[in-house]
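Using the hints provided, position chain B relative to the given structure of chain A.
There are 2 protein chains.
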Amino acid sequence: MERYAIGVDIGGTNTDIGIVTSTGECLSRSRIPTQQFSIIDDYVDALSNGIKVLVEQYQPCEVSGVGIGAPNAHFYTGTIDNAPNLPFKGKIFLKKMLEERLSMPVVVTNDANAAAYGELVFGGGRGMSDFIMLTLGTGVGSGIVSGGKVVYGHDGFAGELGHVITFPGGRLCTCGRHGCLEEYASARGIIKNLWELAAQGNYSSPLLEMDKSAVDCIMISNAAAQGDSLAKAVVERTGFVLGLALANAVAVTSPEAIFLMGGPARLHGLLPEIRKSFENHLLTSYKGKVEVRFSELDANNAAIVGAAAMVLAEECK
Amino acid sequence: MERYAIGVDIGGTNTDIGIVTSTGECLSRSRIPTQQFSIIDDYVDALSNGIKVLVEQYQPCEVSGVGIGAPNAHFYTGTIDNAPNLPFKGKIFLKKMLEERLSMPVVVTNDANAAAYGELVFGGGRGMSDFIMLTLGTGVGSGIVSGGKVVYGHDGFAGELGHVITFPGGRLCTCGRHGCLEEYASARGIIKNLWELAAQGNYSSPLLEMDKSAVDCIMISNAAAQGDSLAKAVVERTGFVLGLALANAVAVTSPEAIFLMGGPARLHGLLPEIRKSFENHLLTSYKGKVEVRFSELDANNAAIVGAAAMVLAEECK
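Chains as they are written, first to last, in the working numbering: chain A, 1 to 317; chain B, 1 to 317.
Hints listed in this document are in silico derivations from the structure and should not be mistaken for laboratory results. Quick reminder that beta carbons are idealized off the backbone N, C-alpha and C, glycines included. Honestly, I wouldn't trust all of these hints.
Said to hold, decoys possible - Straight-line C-alpha distance at most 25 angstroms; calculated DMTMM-like pairs for lysine to aspartate or glutamate:
#  : chain 1 : residue 1 : chain 2 : residue 2
1  : A       : 276       : B       : 279
2  : A       : 91        : B       : 256
3  : B       : 149       : A       : 256
4  : B       : 276       : A       : 196
5  : A       : 149       : B       : 62
6  : A       : 289       : A       : 211
7  : B       : 91        : A       : 279
8  : B       : 149       : B       : 196
9  : A       : 287       : A       : 298
10 : A       : 287       : B       : 273
11 : B       : 91        : A       : 256
12 : B       : 232       : B       : 273
13 : A       : 149       : B       : 42
14 : B       : 289       : A       : 81
15 : B       : 149       : A       : 99
16 : A       : 289       : B       : 81
17 : A       : 52        : A       : 99
18 : B       : 287       : A       : 155
19 : B       : 289       : A       : 155
20 : B       : 96        : B       : 81
21 : A       : 276       : A       : 196
22 : B       : 89        : B       : 100
23 : A       : 96        : A       : 56
24 : A       : 289       : B       : 216
25 : B       : 287       : B       : 298
26 : B       : 192       : B       : 216
27 : B       : 287       : A       : 81
28 : A       : 89        : A       : 196
29 : A       : 287       : B       : 100
30 : B       : 91        : B       : 25
31 : B       : 52        : B       : 62
32 : A       : 91        : B       : 279
Stated by the list, open to error - Now the stretches of chain B that chain A is said to cover, found in silico as 3 or more residues with beta-carbon under 8 angstroms:
#  : segment
33 : 37 to 46
34 : 163 to 170
35 : 182 to 195
36 : 238 to 249
37 : 252 to 265
Bound-form chain A, shown alone (with noise of 0.2 angstroms):
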């Protein structure tokens, strides 16, 4: 009989489930609106419904279990730890409530590392020991595999490579520190850095004549792609900015590959500007080693597909 897995994708908005063959394919999914809920147990109970209800619709199959991707989550403790997206506070007991409510396992990570159990199970990642997963969006995530394990550390919180301090004295970021990547290459880091640069260059742009509340990272790239000489400074500048952190996480875990998932990692352009600055930054002995390219797991189903394979992994049976 077919091994299947449950696939959750926690948001602040909307809390995606979907049920996962062990080829990584996603057969159906639902979703529950995260932010109306202000009471855990009773998010939970929704949560463990919409669960029995994918479960019983698949049935007789065998579900190993459910695998959980969410902001602040953690490996070791199963919890939720003060996210500050979601509308409960405090430490969430999310895997001890769940497994309360279903007769299965339950295993808890942030989202970037269910990103990196993705790519390693079912996406670039398959048949290598070492690599990182870079996730950019509203934040910087990563998920780092060395040996053919996701990589969690002491704490569980390894894998922060949106707040490695690339430009000591930088600008600040919202962990209150100064000059870490996620400043500069999420979503709202490149808006920065497209303000920056208007402001330091003498262009002319159709960017600049918008509301400037209103420009976002897909205009920029739309910019980009007409030949925009502001967004392709925008454009080449993240990638700078890519290219040196990235340089820096290889000469810490030595991985084959760098995979790129997100919104902003698609922007007009940037992958080859990534490369360039990258192999610029390397080390001499890592040069020309280190792939660096598009995650391979389908946009749209990859939160939920690598939460699941979280429980569908070897490690993780």
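Same frame as chain A, but now just chain B:
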């Protein structure tokens, strides 16, 4: 019968060989002058003979194998690749050559990884799954332990923290890039900190009265111990840079502790300065969770014991 291992520390000047017990005691050691050999076969013959003499001395005890720490040594291939400080050029198939001469397994790794093995098996890292070993000397080396294993990465060259670009556009490094940690925290980096601070400030210090080429880290340490303001500023600056670089490394692998080894690490007053900068630069979620302390290995035998630990460690049986 007690299990012993041979530990070998290959340096540019000398090669030290020791026989090490399963509790990490170095019972006996010998030395061959690396720099007097220009032909690799002659060197490996001498090394092999030195090992045989030690093994015979402790007959009938069982010797499990030979662990070797060497510059530019490669764990996966058992080779030494273009080590600039050794008289043998190109790629040396050391593991293969030595196994042909000895009837026991040989394991080869770089110096800092050997030190990490030593700390893991016999030092402060006993019982820890995740830590970083930082070795300060002519260069800055590191060995990273994650999930109880030394991280080698895809190409066997993981753990080059000395060549993480800490200050983009900073000092020119011997690797040809700019701003590597090594240029601020190795022995030569610390001397550079001295002259940079001396040029920036209005210091009156006995260090400035000396022949510039004669000033070394021991003199700086002694001057700092005597309250010399320039020497103290050098210690503070060095601690600042190390604290920043180590805080960045924590965001990658999330260790429980960081161990420091090597002469420059013992600079008078350096450890408190590192700890201050480290805590200041840590991401909030790691603050107060990661110890920075000195290696617990005996400095006289650390390299030999570390190399032997590779053989004695469970994973290398």
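Taking the hints in turn, this is what the structure says about them:
no., hint, in the structure
1, 276(A) - 279(B), "violated, 34 angstroms"
2, 91(A) - 256(B), "holds, 22 angstroms"
3, 149(B) - 256(A), "holds, 18 angstroms"
4, 276(B) - 196(A), "violated, 32 angstroms"
5, 149(A) - 62(B), "violated, 34 angstroms"
6, 289(A) - 211(A), "violated, 44 angstroms"
7, 91(B) - 279(A), "holds, 24 angstroms"
8, 149(B) - 196(B), "violated, 39 angstroms"
9, 287(A) - 298(A), "violated, 29 angstroms"
10, 287(A) - 273(B), "violated, 34 angstroms"
11, 91(B) - 256(A), "holds, 22 angstroms"
12, 232(B) - 273(B), "holds, 10 angstroms"
13, 149(A) - 42(B), "violated, 42 angstroms"
14, 289(B) - 81(A), "holds, 16 angstroms"
15, 149(B) - 99(A), "violated, 31 angstroms"
16, 289(A) - 81(B), "holds, 16 angstroms"
17, 52(A) - 99(A), "holds, 12 angstroms"
18, 287(B) - 155(A), "holds, 11 angstroms"
19, 289(B) - 155(A), "holds, 8 angstroms"
20, 96(B) - 81(B), "holds, 14 angstroms"
21, 276(A) - 196(A), "holds, 22 angstroms"
22, 89(B) - 100(B), "holds, 21 angstroms"
23, 96(A) - 56(A), "holds, 22 angstroms"
24, 289(A) - 216(B), "violated, 38 angstroms"
25, 287(B) - 298(B), "violated, 29 angstroms"
26, 192(B) - 216(B), "holds, 10 angstroms"
27, 287(B) - 81(A), "holds, 15 angstroms"
28, 89(A) - 196(A), "violated, 35 angstroms"
29, 287(A) - 100(B), "violated, 33 angstroms"
30, 91(B) - 25(B), "violated, 32 angstroms"
31, 52(B) - 62(B), "holds, 13 angstroms"
32, 91(A) - 279(B), "holds, 24 angstroms"
33, 37 to 46, "violated (count 0)"
34, 163 to 170, "holds (count 6)"
35, 182 to 195, "violated (count 0)"
36, 238 to 249, "holds (count 4)"
37, 252 to 265, "holds (count 5)"
Against the hints set out earlier in the document, violations occur for numbers 1, 4, 5, 6, 8, 9, 10, 13, 15, 24, 25, 28, 29, 30, 33, 35.
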